Amino acid sequence: MIAAHELVEQAIAAGRPGDQVVVIVDDTAHAHLRRAGEVTTSAAHVLDRQVHVVVTTPGGAAGVVSAGVVSAGGALDAAAVRDLVEAASILARRSTADVDPLPPADRPPASDWHEPAVTAPAGVLAGLAADLSGAARGFALHCYAEHEVRTTWLGTSSGVRRRHVQPSGVVELTARTATSSAWVGVDLPDLSDFNPHPLLDELQQRLGWGATRVDVASGRHEVLLPPSCTADLLKHLYRSAGGRDAADGRTAFSVPDGGTRLGERVAALPVTLRSDPAHKGLECDPFVVTRVSGADTSVADNGLALGPTNWITDGVLTALVHTRASARQAGDAFTPRIGNLVLEGPPGERSTLPEMIAATRNGLLLTSLWYLREVDTRALRLTGLTRDGVYVVRDGEVIGATDDFRFNESPLRLLDRITEIGPTSVTLPREPDDERPRTAMPPVRVADFSAVAARA
Amino acid sequence: MDHAFLALPLRRLADAALDRARRLGAHHAAVQVVRTRSGHLLLRNARTAASSDTARTGLSVRVFTARGRGFASTVELTAEAAADAVDRAWEVARSGSSPTSFSDEPVHHDAEWVSAYDVNPFDVPESDRAALLADWSTALLAAAPVSSVLAKCNATQENRFYADLAGTTTTQQNVRVHPQVLVAGVHPRTGVMRTLRSVGPPTARGWEYLGGDGWDWAGELAALPDQLAAKVGARPVEPGVHDLVIDASNLWLTIHESVGHATELDRALGHEISYAGTTFATPDLLGSLRYGSDLMTVTADRTAPHGMATTGFDDEGVAAQSWPLVERGVLTGFQSDRSTAAAVGAARSTGCSYAESASHVPLARMPNVSLAPAAGPCSTDDLISGVEDGIYLAGSDSWSIDATRSDFQFTAQRCHRIRAGRLAEPLAGVAYRSSTTEFWSSLARLGDESTVTAFGADLCGKGRPAQAAAASHSCPSALFTRVPVHHVGDAT
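Taken in order, these protein sequences are the chains called A and B. If you read the first sequence in the numbering used here, its first letter stands for residue 1, the second for the next number, and so on. If you read the second sequence in the numbering used here, its first letter stands for residue 457, the second for the next number, and so on.
Calculated directly from the structure, the hints in this document are not laboratory data. It is possible that some hints are incorrect.
Derived contacts from chain B toward chain A, CB cut-off under 10 Å, selection only [claimed, not checked]:
1) V531
2) A537
3) A539
4) S553
5) D574
6) N576
7) D579
8) E582
9) A798
10) A799
11) G801
12) R889
13) A922
Examples of chain B residues toward chain A, derived with CB under 7 Å [unchecked claim]:
14) A528
15) P644
16) T646
17) L742
18) S744
Just so we're clear, the structure is a prediction, and the values are computed from it rather than from any experiment. Every residue gets a Cβ at the ideal spot worked out from N, C-alpha and C, and that includes glycine.
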């Protein structure tokens, strides 16, 4: 198989005169293990290569600079690489899309540009499997573990040569008894950090709480959201934070007579929602890697450096997601999408989740949210359900579990109803998705959370 | 059949992999070479906003050993890489502790299958595809109250070669397309903005589909501006309990979520507990669970022409088939692959194994799942005329269902109040919410064959890592009585 950096150079060299070429190569080594009780239902090791070629040309069909994007998964030979570039060139000439010229290189080629892909051996999860085998403590233990290393090379005909290695991983455990279930999950890019015992302790505690059932009426309740639940809600907010869609009047960040809500206070407490590719423990691509243009991403921005971006600062909306083109059109700063998301309260001492429980007179402790779907894009209203444990807190103690419930809530309006915010930590949202921003979130106390009993 | 795919060294790769598995002592092994080409085109207000063309090719192997099962894949299509994949799958299988049983199945030698279509969408130049969507968009932009148009079309061609140690060898090709239009408009007086999506479904057809073969695109596009005008002027629904006439364009998704996923045998066995969840429909209830009213008969199928889950053979070499899931309101069947069939002592798999690509592990995926219409005559208008006070819903929108496939909530693209047997004012923010058996037990009347259309999902997610599959759902319009309705939209 052609070395990735050589493939990039071959593709750039194959571009037609006057065209610009972007080449992205992703080499991925992936392993996962899935178990239902003591039965292994899936165990895999995948070696994959994806190649994405973007050609921009001033000879587009509409007389503008346009782009063609062609991708291939597989071990391409030199002829296939040339074919890919030619196919992208043809698409670019037929396209009417208007794109920006590629950015020039703003730094020398990456020092590790010629290094091969970082990989992971087939048996990388063997130790974890051994740790979990027979680990259940009187309950059925279901597990999903995943370890992946993606090495990305991005080169452009304007001189950009960048390489990034992105390790990622998750361990999720679901424990069940005849009457109760509980879920915990951790973001775990480094398997050597895995210690099953704190997770098993947490599961055991929750199953213990679940042994007592407590009836709770439908209605509005004070709830405590652990970091994972906060992440599930806030990643929907981040996904809908496109600047162009907001300017077009399509989202909750639009104002009725045109324009956006930038500069508006959206949270009562001075919370900050931000992204930073260098955030410790949440490292992600430090430059724009756009394989296919989307509503708020552009292949023409590939290779541009990503830096810290505050989306909400001290409760005020300060940025929406922009491409260079949409930022210019809106008169906003260029604030591209970044692969992580952090929510924080103002500096100072904060109560932990156990301390927040202890300070609760009458409320519900949620542990995981499920099947969140937009029911009103303009209001960013989501419907969803609780899952695997809703616990009733009275006078500072968990007194038992109640049934799951459905809710219809907007994470944006919910931000404005946060009454207490705890310390921020790296967390794993329950619902995985394609974008999967890595997240660090706090536990939060929210007033008047709408809960309607599930119809079992 | 795609010549470029057939030109790959399919047999040589399979021989290398299966020889290696045989030498290692595998109980069973299978190799697949999968090539998936997908094209995506998006136009914003008649101008191309994004396009992509992706071809993904890879090889996967599955081995079954005394310790369990293992899967490995590679993008290198060489005999050495195929043998290495077997070694890695063998290594992975070592994390297991017991062998995996699987059903015995007939062997199919050198079988071929190609889905039914006339024009391969990848034979149509992208400029021609974009021009058609631009024409659609331009016409819509000229009609009030449309203020913006997103038009897109996804096209997919899958080629699969499968070979296993038992001697089955299959080569298949499947083509499908999914055009879609989203219009937005603003009420001239209130300033309320709402969007409306076309309901024309994804289908296993070729480019001829966009010309009207299988769906009246011209008719639907012509109707969108008036439908949007009604929607931007719609008033919020009064929450309560209502009789619902649900058009097939909405009901298919309820079938998909509350019957299709609920009758997956891997869920019932607890294999999806850690992610997708479980189901209230368990094997011990087969033949006794009252799923719905006597009118409810649901069939699983992988043979119907143009069904997106239609195939010749599944990803374990099992021939496509058709079987009942619910008969006259009683649970009578599940969807299985070879290992889940064996786990419940079934003699045969129902042939539901599928993997999105060679990088994904095959698992039991939903076939086409369809609700039978009424035998006697009954149009959608007949259903509406029989309702004194109710709501008519058309077009799928948002959906959410709990981890046992019971509590659900669905919304629609278009809703109207029914008064005295006639469609009345448009309604906004309508969400019907129920539990699966309660809802299907309220099925009071079915439309006839004339109301039946095959809708479907081409990006249904399942498994970890999540992978997509496509399935069609044919159904009639139907009347459901006394269904709880909530308001979930804006209050305007």
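Hint validity - B/N576 Cβ closer than 10 Å to any chain A Cβ:
This hint is violated: B/N576 lies away from chain A, its Cβ roughly 16 Å from the closest one there, beyond 10 Å.
Grab the minimum C-beta distance from B/S553 to chain A and call the hint holds if it beats 10 Å, violated otherwise.
holds, 6 Å
Restraint satisfaction for B/D574 [CB to CB of chain A, less than 10 Å]:
violated, 23 Å
Would you check whether B/A922 satisfies its interface hint, that is, whether its CB is within less than 10 Å of any CB in chain A?
holds, 6 Å
Quick check on B/G801 please, does its C-beta sit within 10 Å of some C-beta on chain A?
violated, 16 Å
Is the interface hint satisfied for B/R889? The criterion is a beta-carbon contact with chain A at less than 10 Å.
holds, 7 Å
With chain A as the partner, please determine if B/V531 meets the hint condition of a C-beta pair closer than 10 Å.
For B/V531, the interface hint holds, since the closest Cβ of chain A sits about 5 Å away, which is under 10 Å.
Given hint B/A539 near chain A, where the shortest CB pair must fall under 10 Å
violated, 14 Å
Would the hint on B/D579 stand, with a C-beta cut-off of 10 Å toward chain A?
Hint violated; B/D579 Cβ to chain A Cβ min 14 Å, cut 10 Å.
With a cut-off of 7 Å on the beta carbons, see whether B/S744 makes it to chain A.
violated, 19 Å
Holds or violated: the hint that B/P644 contacts chain A, with Cβ atoms closer than 7 Å.
This hint is violated: B/P644 lies away from chain A, its Cβ roughly 14 Å from the closest one there, beyond 7 Å.
Quick check on B/A798 please, does its C-beta sit within 10 Å of some C-beta on chain A?
Interface hint status for B/A798: violated (12 Å vs cutoff 10 Å).
Comparing the model with each numbered hint stated earlier shows that hints 3, 5, 6, 7, 9, 11, 15, 16, 17 and 18 do not hold.
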